[in-house]
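*Asks:* These are the residues of each chain, in order.
Number of protein chains: 2
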Amino acid sequence: MTTDPLVVFTPSGKRGNFPVGTPVLTVARQLGVDLDSVCGGRGICSKCQITPSYGEFPKHGVTVTDDALSEWNKVEQRYKDKRGLTAGRRLGCQATVQGDVVIDVPPESQVHRQVVRKRAEARDIEMNPSTRLFYVEVEQPDMHKPSGDMERLLEALEVQWSLQNVKADFEILRSVQPILRKGGWKVTVAVHLGDEVQPPKIMHVWPGFYEGSIYGLAVDLGSTTIAAHLCDLQSGEVVASSGIMNPQIRFGEDLMSRVSYSMMNKGGDQEMTRAVREGMNALFVQVASEAGIDKALIVDAVFVCNPVMHHLFLGIDPFELGQAPFALATSNALAVQATDLDLEIHPAARVYLLPCIAGHVGADAAAVALSEAPNKSKDLVLVVDVGTNAEILLGNTDKVLACSSPTGPAFEGAQISSGQRAAPGAIERIEIDPVTKDPRFQVIGSDMWSDEAGFADVIAVTGVTGICGSGIIEAIAEMRLAGLLDASGLIGSSEQTGTPRCIADGRTNSYVIWDGTPDGGPLITVTNPDIRAIQMAKAALYSGARLLMDKFGVDTVDRVVLAGAFGAHISAKHAMVLGMIPDCPLANVTSAGNAAGTGARIALLNTKSRVEIEETVRQIEKIETAVEPRFQEHFVNASAIPNAIEPFPILSTLVTLPNVNFNTGSDDSGGRRRRRRG
Amino acid sequence: MTTDPLVVFTPSGKRGNFPVGTPVLTVARQLGVDLDSVCGGRGICSKCQITPSYGEFPKHGVTVTDDALSEWNKVEQRYKDKRGLTAGRRLGCQATVQGDVVIDVPPESQVHRQVVRKRAEARDIEMNPSTRLFYVEVEQPDMHKPSGDMERLLEALEVQWSLQNVKADFEILRSVQPILRKGGWKVTVAVHLGDEVQPPKIMHVWPGFYEGSIYGLAVDLGSTTIAAHLCDLQSGEVVASSGIMNPQIRFGEDLMSRVSYSMMNKGGDQEMTRAVREGMNALFVQVASEAGIDKALIVDAVFVCNPVMHHLFLGIDPFELGQAPFALATSNALAVQATDLDLEIHPAARVYLLPCIAGHVGADAAAVALSEAPNKSKDLVLVVDVGTNAEILLGNTDKVLACSSPTGPAFEGAQISSGQRAAPGAIERIEIDPVTKDPRFQVIGSDMWSDEAGFADVIAVTGVTGICGSGIIEAIAEMRLAGLLDASGLIGSSEQTGTPRCIADGRTNSYVIWDGTPDGGPLITVTNPDIRAIQMAKAALYSGARLLMDKFGVDTVDRVVLAGAFGAHISAKHAMVLGMIPDCPLANVTSAGNAAGTGARIALLNTKSRVEIEETVRQIEKIETAVEPRFQEHFVNASAIPNAIEPFPILSTLVTLPNVNFNTGSDDSGGRRRRRRG
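As given, the protein sequences belong to chains D and U, one line each in that order. For the first sequence, this note's numbering gives the first residue as 778, with consecutive numbering after it. For the second sequence, this note's numbering gives the first residue as 778, with consecutive numbering after it.
Don't take each hint at face value.
Treat identical chains as interchangeable: a pair holds within one or across any two.
[What the hints assert, rightly or not] List time: in silico DSSO-like cross-link candidates among lysine-lysine, alpha-carbon distance up to 27 angstroms:
{"id": "1", "residue 1": "963", "residue 2": "791"}
{"id": "2", "residue 1": "922", "residue 2": "1176"}
{"id": "3", "residue 1": "1328", "residue 2": "1176"}
{"id": "4", "residue 1": "1043", "residue 2": "959"}
{"id": "5", "residue 1": "1214", "residue 2": "791"}
{"id": "6", "residue 1": "851", "residue 2": "1328"}
{"id": "7", "residue 1": "922", "residue 2": "963"}
{"id": "8", "residue 1": "1350", "residue 2": "859"}
{"id": "9", "residue 1": "1176", "residue 2": "1385"}
{"id": "10", "residue 1": "1176", "residue 2": "963"}
{"id": "11", "residue 1": "1399", "residue 2": "922"}
{"id": "12", "residue 1": "922", "residue 2": "1328"}
{"id": "13", "residue 1": "859", "residue 2": "963"}
{"id": "14", "residue 1": "922", "residue 2": "1153"}
{"id": "15", "residue 1": "859", "residue 2": "1328"}
{"id": "16", "residue 1": "1155", "residue 2": "851"}
{"id": "17", "residue 1": "1328", "residue 2": "791"}
{"id": "18", "residue 1": "963", "residue 2": "1155"}
Because the hints were derived from the structure by calculation, they are not lab data. Because the structure is a prediction, the values reported are computed rather than measured.
Based on the provided sequences and hints, a complete structural model is requested.
*Replies:* And the structure:
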């Protein structure tokens, strides 16, 4: 019937017939094809670049001749001459349809492009930023039709971009008149597209066509460190990442000591609020400078943090979080102004905080849930974010449960005699020969094992300074595998184990990993108190997970995802030997890296994901471990290595745990402790 | 069929049958009867007081027996004993229906009560304040159902008051936890009910039942004076009114000199913004102190002002308003935060500015339109707000036209040789005997005429100090009626008029009203330059009105409303003799007092009226007098007294204007001037 040319878009597959002479951008808009444009088809922004394909396309039933698109017009030619265009590319707003054609929209020309994540199992991020740029031509004032300059700007946004009910940030009112005149009534407008609560809002106006971009921050506000990722809100790229220590550390290393500080010191909460906000601003200067951009171009920011940090950052006294029933002042997601939090970015910038799941399970856990999406997993997945507190999620498409468990800082190398933060020289990998009972290890900064030739050169540079969190896990698991440590957590004596590396150390024994004393270095041992600290931490972690499994009505999980910096370095096998995590095929234990930070980035780049995670969090079932009777029982069982009761059938196919017992009835360690807690 | 008792409410007439034992408040809610309650039926607030009527009610077909309502229960009795209740009153939430009953809801128990306005033709104000108080009982935190305290407060508002999607002001988050605990989980909440742009928002939370009220400000921000009315947002009463001089006067008496100041002085606009905001804050302290309330209880404020004041108050450089095409930065109504404007009232307080009609016709004119509602008038009404600029509205239910006209300050007594502000001692009323050509007058501060016995005692107190704005109108009109002044605006010589009161004064003549010099007082005359200043002012006013009549396609209007302080004192007859206003029955010329201030008060007390006036303003047709060719023609004609061309048929039935002409061909006043402008 119709003789109009057929236009087929890839990758969407959308197609339709359009009259000869229709610009490709117009065709795309009418078909609902995702083709970007900031200048609205004026050949200025080049965001609508497309790639026409020529030849035979049996799949689409089309033959595309060389003249399927119009000749280059002046605007397009001028753009190419001045700015350059990749070979094969055309400007979608200038090239018009002349015959049947197949048109590819490259990712960078899609508004809702996918930002690819590195891990195979992770979903890509679809771009849906809060704020976008729009170029408009504004009607000039007319005495006979009096209306404000702002109203004509809003009308231009409505007519030229179908943006309705847009409001202007108050500060914009003060500057709009000179900017409109400077731009000759042509301006580029940054519009926050609004959300359920707020209408769309003009954030910034530039005279003429603004060539730059606008930026957003994804911030993981941890108790110890604050990490910020600066993202380009048009491309989705991370343009700079930076981190600082949380300046609140001077008020207390861990969360509860900060809550205590605010209880003991009048105005202490406000001091801590000031400290974290000042630190935040310093970090923003740093990350913007690293990216070489003006921080006033940062128009959006997403924060994730645990409940105590959440309250202190918002300026809320965390008093109630320090005692049962751990009442949050507010648990919902929050959309506030950057100025409410004294953040020195764009004066109209918005700030979004993910919802808190419960008094102990914060917006950071919500961010992990957003990143790892247990609610979208067909498999039953256990997600563990290991830090001073472990946040634990268990679920699948049916339901998701959450809890937190106070693991303490042992996993981070604190409370460990030779423990240290992960830094060059720290032992991070270790193997113990089950026959000779001798260890070999790697230190951070080198891939060489300590029994390899040339290791002396390595340590000449870094030294061997201590054991980091993942190192201590491996050391203890290897000690258990080598028969140096019994299930109750006692290190054998040199007599019991047959190695001089087991040395008496007070009333208990220690195992010598490295004796650096001849060269003035440290004697690096694993002591029985070290074992007990890790036992407590891993028992807390495991019993939280086990409690969720009880509530879910299962005894096994399909997958385990370890989130957090610590989770990134941990060995699945060793964690399982220790009984930190439930028995599970090793291949199904993966690391998600900084999943909380990734969750913040997703929420920043895709505002739809904010609505999604708010809904997910509402549906997550929260379990308070502190008042669950079975938690204590699980904890006692999990104090054993790997566990006093639970079988680890998959693990037992991989390793054999020596059946040793070093309890001579005279020691005062593990056994009595456990009885006391039981 | 039903044997349930019949309940009839007055004045609404709503009725229905309800089971014995139903509380009256419940009945009222189910019938949609407007019965107030802050405590939600807990017998605390007494806002739901009702008056049962007993006996025969043939009109309603009901006989009400003495036991139609329940006996006083403990709660009701305790309230009465402790706080007292007017005789015949019951608490609607405690008294239950026992038999057929007629129940009157007194005005003070209605949320949407009518605030009665004094003038017969003015519509009453229906109460619909932005912010209301709600008492709620909040669920306590529960570890097993973790949710924020704020979320449970919001839930209480939803369940107990059907308030949905309420958000909390950011500052509230910081204080909600201790307040909930202090109130034992019972709190009173001030909720801003939201508007098209903003969702409902918690403004303040008090522990327990808050017995006080909340307040709003209606502010008329004039070039010369700023007047604030402090209103109780529950009762609608004006609890205090106060005014100050606009501190911007030091930068220029009139608007254009302030615009010039900002053009000539870098940062001058910001200086003026600071000045007016500081003045505003001083005024708020004053008015709150007068009412004896804490100004932090002021949660809403409405401002009306002309466009230049509007921009300067908002912190926008008024530069563009000083030159064609008089582009406003923004013309729409604005809802901003008090903190945006540095106003020191409640930190979460909202501020509403009425829309501007055009670059010369401001939010003050919109407020006049709201107060006088020409768009709801069946008669064709001309509304004139007389100040340094006259804002003129002409319309009826069909359409409304608006313009402004630069009358200058002559009507306020400026530029007049003996002119002064309205103050004791100023001549405000004057009559000239057409035979003797002698005047008699009244001064402000006394009702006695100057030819009455005892006037000497009056002026011993006040003196005779000058002529105020309304006095000069009467003086000139009387001079015209007495044949002392010709239609062109020339005062006759003593020879021409036959009275020694006409004295030579340079090349023209003056008329002596009062010679106070023997007692060291002033010689009060009307000079020919005085006449010319008033001619210019009244011609500007009339020609604006006439232009609107042209545009409307009419030669007469049905009614004239004079707004503004000046309009309140002007004599309709004299204004018409002068040709200030169109010919019209004198009884149909009324004064509206400070209609702009009243408009602000309406917008404050009834948020529905905000939507209404925004819609009205959109539909008002704006006429820019400066570029209308006929304006000049009308101006020239209107320079004559009353008019060179237009007949004043109604006026001519009331007065006879002597046909005199004092132009001897040698003077340089009125005639030549008019030719120059023509």
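*Asks:* Hints the structure violates: just list their numbers, smallest first.
*Replies:* 1, 5, 6, 8, 10, 15, 16, 17 and 18
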